[in-house]
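Trainee: Basically our numbering = 1-based index in the sequence shown + 27.
There could be a bad hint or two in this list.
Said to hold, decoys possible - Subject to a maximum C-alpha distance of 27 Å in a straight line, what follows is the list of computed DSSO-like cross-link-like pairs (lysine-lysine): (1) Lys169 x Lys316; (2) Lys169 x Lys317; (3) Lys169 x Lys130; (4) Lys208 x Lys316; (5) Lys317 x Lys208; (6) Lys183 x Lys316; (7) Lys183 x Lys208.
The hints are simulated quantities; they were obtained by calculation from the structure and are not laboratory data.
As the structure is a prediction and not an experimental result, all values here were calculated from the model.
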Amino acid sequence: MTLIRLLLAAVLLGGAAGPARADTVNRIVAIVNDDVITQADVDAYLASVLEEQDPPPDAEPAQLRGSILRRIIEQRVILQEARRQGITVETDDISQRLEELRKRFESEEAFRQSLEESRLSMEQLKEQLRDQLMVQRLIETKIRAAITVSPFEIAKELEAHPELARVGDRARVSHLLVRVKPGRSAEDALQTVTRLRRQLAEGADFADLARRHSEDPQAQAGGALGWVGRGELLPELDQALSTLRVGEVSEPIQTPLGCHLIKLEEERAAEGRADTETHQAVYQQIYQKKFQTEFSRWLAGLLQRAYIEVLAPSQNEG
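Model the full structure from these sequences, guided by the hints.
Mentor: Shown next as structure tokens:
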């Protein structure tokens, strides 16, 4: 997969695929409010995934497409909400994001070559960057900005957990999650994460894979959870983290949520900290918990309120 595809995959919203047969382009596979998702959208997403990894030996094409279709539906619903809310992005902001993207390449020629391999025109690339920024601003204004943490909450947390006034052994952790959901069993999630773990062993970048595959609220940040201490993660993740050395990635970890990978990025030993630092750390801890809860609730609400109709696939679909 080209680098541009990797950078844009987190908000793949269709309409930027290369040439396809007319009958495929016109075959509607889902309706999301006043928008449609075509077989070409699903096939383009699937092709990008298959460029990066092999499907499971026993994976059925319909199963793969179904999983991808669900992801596209979620992305469409979020983008539609951004448009409904009147979220706008200035041309200068798009240019700045485009310049940041260019800097990921060794030269302008390499950037242009990757763009060509991705079968994206410059205008299509800018449109996807605009969509990314719209979604980010929607989440910022409708979720992050609405979250408050009061001094009372901080004091109550410190009263219940006085050990928070002292920094224990801390670890900077990255996280990737493939959720269990209708149509995706725990075994399916495990197979997907096992393939991703193999790619990491072969040199793939954890942050890129998290942006591409993770279904955790921190996916857009490359799976970065920041600094965490003992007991702040799920018990299964906490146990796995205790066995890792800096730079190592865990084996797949199964929980009721799905299947996880964690990477130990950095660690530091226990130390005391000033009151200001203590309050800030507790604030961030409470804030992140609230954000994850609110994001999941918000997305579930969008999906529930949306008109979503998944059409039966054609009989000859491979």
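Trainee: Which hints from the list above does the structure break, by number from lowest to highest?
Mentor: 3 and 7
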